[in-house]
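**Q** Assemble the dimeric complex from its two separately framed chains, guided by the hints.
Listed below are the residues making up each chain.
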Amino acid sequence: GENVEQHPSTLSVQEGDSAVIKCTYSDSASNYFPWYKQELGKRPQLIIDIRSNVGEKKDQRIAVTLNKTAKHFSLHITETQPEDSAVYFCAASYSMADKLIFGTGTRLQVFP
Amino acid sequence: DAGITQSPRHKVTETGTPVTLRCHQTENHRYMYWYRQDPGHGLRLIHYSYGVKDTDKGEVSDGYSVSRSKTEDFLLTLESATSSQTSVYFCAISKDKADTEAFFGQGTRLTVV
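From first to last, the protein sequence lines are chains W and Z. Residues in the first sequence are numbered from 1 upward in steps of one, following our numbering. Residues in the second sequence are numbered from 1 upward in steps of one, following our numbering.
Hints listed in this document are in silico derivations from the structure and should not be mistaken for laboratory results. Keep in mind that the hints are not guaranteed to be accurate.
Unchecked claim - Using 25 Å as the maximum straight-line C-alpha spacing, the simulated SDA-like pairs for lysine to any residue come out as follows:
#1 W:Lys-37 with Z:Glu-27
#2 Z:Lys-97 with W:Asn-3
#3 Z:Lys-97 with W:Gly-1
#4 W:Lys-58 with Z:Lys-95
#5 Z:Lys-11 with W:Gly-41
#6 Z:Lys-95 with Z:Glu-72
#7 Z:Lys-95 with W:Ile-47
#8 Z:Lys-11 with Z:Leu-75
#9 Z:Lys-97 with Z:Ser-67
#10 W:Lys-42 with Z:Val-19
#11 W:Lys-37 with W:Gln-6
#12 W:Lys-42 with Z:Asp-73
#13 W:Lys-68 with Z:Glu-101
#14 Z:Lys-57 with W:Tyr-32
#15 Z:Lys-57 with Z:Glu-101
#16 Z:Lys-95 with W:Arg-43
#17 Z:Lys-95 with W:Val-54
#18 Z:Lys-57 with W:Tyr-94
#19 W:Lys-37 with Z:Arg-44
#20 W:Lys-42 with Z:Arg-22
#21 W:Lys-37 with Z:His-10
#22 Z:Lys-57 with Z:Arg-109
#23 Z:Lys-95 with W:Glu-2
#24 W:Lys-57 with W:Asp-27
#25 W:Lys-58 with W:Gln-6
#26 Z:Lys-95 with W:Ile-50
#27 W:Lys-42 with Z:Glu-72
#28 Z:Lys-11 with W:Arg-43
#29 Z:Lys-97 with W:Asn-31
#30 W:Lys-37 with Z:Gln-37
#31 Z:Lys-95 with W:Asn-31
#32 W:Lys-42 with Z:Gly-3
#33 W:Lys-22 with W:Asn-53
#34 W:Lys-58 with Z:Glu-101
#35 Z:Lys-97 with Z:Arg-68
#36 W:Lys-42 with Z:Arg-44
#37 Z:Lys-97 with W:Asn-53
#38 W:Lys-22 with W:Thr-104
Bound-form chain Z, shown alone (with noise of 0.2 Å):
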């Protein structure tokens, strides 16, 4: 499996709180990418990264913030947690470009109370 390490694995918060989900990966892959999943919805991409400091938006990015300030780790911020954001966080990493093969870490479980 490619080294890439989803922190927390779960996580359970209140409505209105921030939320910090780490991507940590040792292939010093260039792309990295926040999807979430949900019932009938697929994968969905939050944002996503091509480089230090180059971030943009993806399908769904309202109520979240992204930050690469290393090549190793790609952090997901909810600002305000609300309920709609329960879902599971996948991170995914590419070597190039986006027409190559994306490594997906294990998933976030995160609930909003």
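So here's chain W without its partners, still in its complex pose (with noise of 0.2 Å):
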């Protein structure tokens, strides 16, 4: 089945700069790849995903990429705030999968 690696678990980034968090995926049919953001005491929610046929997607300051050869992906943040601070999930599944796995998530710490 489907494994997935996330790195690093823990973040620490001053006001501005950028932060960078990389997940591997094992099942190389897999083609839909979440991220999830978790505040303190709060539910998952998504912010972006990206499909296997495409290799960036952008949202505002937040970009993800896909290397499906490497079998990995990456959360960009840019210009972090400190509202940027949370628990990070990337996830990954496949079309005709019916469960989602997902990484062991990053703790992202931004310092006025």
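**A** So, in structure tokens, the structure goes:
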């Protein structure tokens, strides 16, 4: 079955700097890669996703890149702000699967 | 927010007792999932359902059972709770397949003493 590894487990950056979180997946059939943000005490919420027919996707300060050959994908946050502080989860699935498998999460802290 | 409600929100129970957590949705979504969240392990899939009476095991299904007799309700049962099942449990729903956005409930914090 699918296995998703996520690094780093914690990440501290200065406000205004960029943050990068990386994930690798094992199942070459996976073609859907969402990223979820979970603020303290809240539920995870989707912030961006990418499908395997696209190499990069951007939404304002957030971007996700996908390398299908290497089976890894990354979340990039530019111009970080204190409100970006949260736990971020990557996940992987494919269209014929019935389940979404998550990475272990990255705790991002943005210091003013 | 998607119409998804978990109950109870908090529960403390004793080792060896049965516990049932409920997930209720008003979105008529086909897919429903139960995850547990533990420090260092992220979100791990316990069981999932792709329709009424259609369920399957996830990564960490031992000690758990589920039932889905109606589209809107997905129940997670711990037959005999153990301390290792102390966790935060999240229910999630998605409309069509696992490659569409999943909406999460608020979570249930379960403590087994």
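**Q** Evaluate each hint against the coordinates.
**A** Now for the hints, and whether the structure bears them out:
no.: 1; hint: W:Lys-37 with Z:Glu-27; in the structure: holds (22 Å)
no.: 2; hint: Z:Lys-97 with W:Asn-3; in the structure: holds (19 Å)
no.: 3; hint: Z:Lys-97 with W:Gly-1; in the structure: holds (17 Å)
no.: 4; hint: W:Lys-58 with Z:Lys-95; in the structure: holds (24 Å)
no.: 5; hint: Z:Lys-11 with W:Gly-41; in the structure: holds (16 Å)
no.: 6; hint: Z:Lys-95 with Z:Glu-72; in the structure: holds (12 Å)
no.: 7; hint: Z:Lys-95 with W:Ile-47; in the structure: holds (17 Å)
no.: 8; hint: Z:Lys-11 with Z:Leu-75; in the structure: holds (15 Å)
no.: 9; hint: Z:Lys-97 with Z:Ser-67; in the structure: holds (19 Å)
no.: 10; hint: W:Lys-42 with Z:Val-19; in the structure: holds (23 Å)
no.: 11; hint: W:Lys-37 with W:Gln-6; in the structure: holds (14 Å)
no.: 12; hint: W:Lys-42 with Z:Asp-73; in the structure: holds (22 Å)
no.: 13; hint: W:Lys-68 with Z:Glu-101; in the structure: holds (21 Å)
no.: 14; hint: Z:Lys-57 with W:Tyr-32; in the structure: holds (21 Å)
no.: 15; hint: Z:Lys-57 with Z:Glu-101; in the structure: holds (20 Å)
no.: 16; hint: Z:Lys-95 with W:Arg-43; in the structure: holds (18 Å)
no.: 17; hint: Z:Lys-95 with W:Val-54; in the structure: holds (22 Å)
no.: 18; hint: Z:Lys-57 with W:Tyr-94; in the structure: holds (17 Å)
no.: 19; hint: W:Lys-37 with Z:Arg-44; in the structure: holds (16 Å)
no.: 20; hint: W:Lys-42 with Z:Arg-22; in the structure: holds (18 Å)
no.: 21; hint: W:Lys-37 with Z:His-10; in the structure: holds (22 Å)
no.: 22; hint: Z:Lys-57 with Z:Arg-109; in the structure: holds (21 Å)
no.: 23; hint: Z:Lys-95 with W:Glu-2; in the structure: holds (21 Å)
no.: 24; hint: W:Lys-57 with W:Asp-27; in the structure: holds (21 Å)
no.: 25; hint: W:Lys-58 with W:Gln-6; in the structure: holds (20 Å)
no.: 26; hint: Z:Lys-95 with W:Ile-50; in the structure: holds (17 Å)
no.: 27; hint: W:Lys-42 with Z:Glu-72; in the structure: holds (22 Å)
no.: 28; hint: Z:Lys-11 with W:Arg-43; in the structure: holds (18 Å)
no.: 29; hint: Z:Lys-97 with W:Asn-31; in the structure: holds (12 Å)
no.: 30; hint: W:Lys-37 with Z:Gln-37; in the structure: holds (14 Å)
no.: 31; hint: Z:Lys-95 with W:Asn-31; in the structure: holds (17 Å)
no.: 32; hint: W:Lys-42 with Z:Gly-3; in the structure: holds (16 Å)
no.: 33; hint: W:Lys-22 with W:Asn-53; in the structure: holds (19 Å)
no.: 34; hint: W:Lys-58 with Z:Glu-101; in the structure: holds (17 Å)
no.: 35; hint: Z:Lys-97 with Z:Arg-68; in the structure: holds (17 Å)
no.: 36; hint: W:Lys-42 with Z:Arg-44; in the structure: holds (17 Å)
no.: 37; hint: Z:Lys-97 with W:Asn-53; in the structure: holds (18 Å)
no.: 38; hint: W:Lys-22 with W:Thr-104; in the structure: holds (11 Å)
Of the numbered hints given earlier, the model fails none.
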